[in-house]
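> Just so you know, we're using the numbering used here here: the sequence shown kicks off at 1 and counts up by one.
Everything labelled a hint here was simulated from the structure, so no lab data went into it.
Don't take each hint at face value.
Unchecked claim - With a straight-line cut-off of 27 Å between C-alpha atoms, the simulated DSSO-like cross-links for lysine-lysine are: (1) 21 with 53; (2) 21 with 57; (3) 53 with 30; (4) 53 with 75.
Stated by the list, open to error - Ranges between beta-carbon positions, derived for each pair: (5) 134 with 43: 35 to 43 Å; (6) 9 with 43: 28 to 36 Å; (7) 33 with 120: 22 to 30 Å.
Bear in mind that the values here come from a model prediction, so they are computed numbers and not experimental data.
C-beta atoms are modelled at their ideal positions from N, C-alpha and C, and glycine is treated no differently.
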Amino acid sequence: MNIESAVESLLFISGEPMNFKKLAKIIAVKESDIKLSAEKLSAEYSDSDRGLKIIIKDNRVQMVTSGENSLFVEKYLKADIEGELSRAALEVISIVSYRGPISRSEIEDIRGVNCSFTLRHLAIRGLVERINNPNDARAYLYQVSFDFLKKLGVEKVEDLPKYNELREKKMFERNDENITKDDASVKENSDEDKKEELER
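Produce the entire structure from the sequences given, and follow the hints as far as they go.
Encoded structure:
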């Protein structure tokens, strides 16, 4: 098994810092092996002209964009922020609205695809906010922001359309075919949405 390759893939798909312990558990190796692999990856990325870098801090490791490309990244983010929300983003914000505070893993269980980039996009736009998870100090929960409520003209999430009905009936469940635009402003991802999610 190529530990470095596994670590690299997990860092790419995560989009967030990952601690050595979690990586070791997923890959089923020792934490010392994860640390060594992360250090090797960091050195390899630093010695190349790649657009990505690997940074390590406090037994955590993350894949980030290269500082040399910050101008291009800023242009992309600016265009992304000013543009309309994608269908995937609308689906995620709806789930967070009616089921929040909710963890990223729970959102991904419902949608069936990775949500890290979409959540980051929504956070940058100020529509969702990340809070500490009282049940897991290493993880976070997501909820809608005050700005999101202001944009909709409501005072609290409970004022959202059919909030109690949808939350109590747990309409946002994995493979739930009853979710409609009228009931929850979301729908199951099309192949095009999934492709967009992977390209982001």
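> Against each hint, give a clear statement of whether it holds in the structure.
Each hint tested on the structure:
A distance of roughly 21 Å separates the Cα atoms of residue 21 and residue 53; the hinted pair therefore holds under the 27 Å criterion. Between residue 21 and residue 57 the alpha-carbon distance is near 13 Å, which keeps this suggested pair within the 27 Å criterion. Restraint check for residue 53 and residue 30: the C-alpha separation of about 23 Å stays at or below 27 Å, so the hint holds. For the given pair, residue 53 sits about 19 Å from residue 75 by alpha-carbon distance, which is consistent with the 27 Å threshold.
For residue 134 and residue 43, the hinted distance range of 35 to 43 Å is satisfied, since their beta carbons lie about 38 Å from each other. Residue 9 and residue 43 have their C-beta atoms about 18 Å apart, which leaves the hinted 28 to 36 Å range violated. Between residue 33 and residue 120 the C-beta distance comes to about 29 Å, which sits within the given range of 22 to 30 Å.
This entry does not satisfy hint 6, going by the numbered hints stated previously; all others are met.
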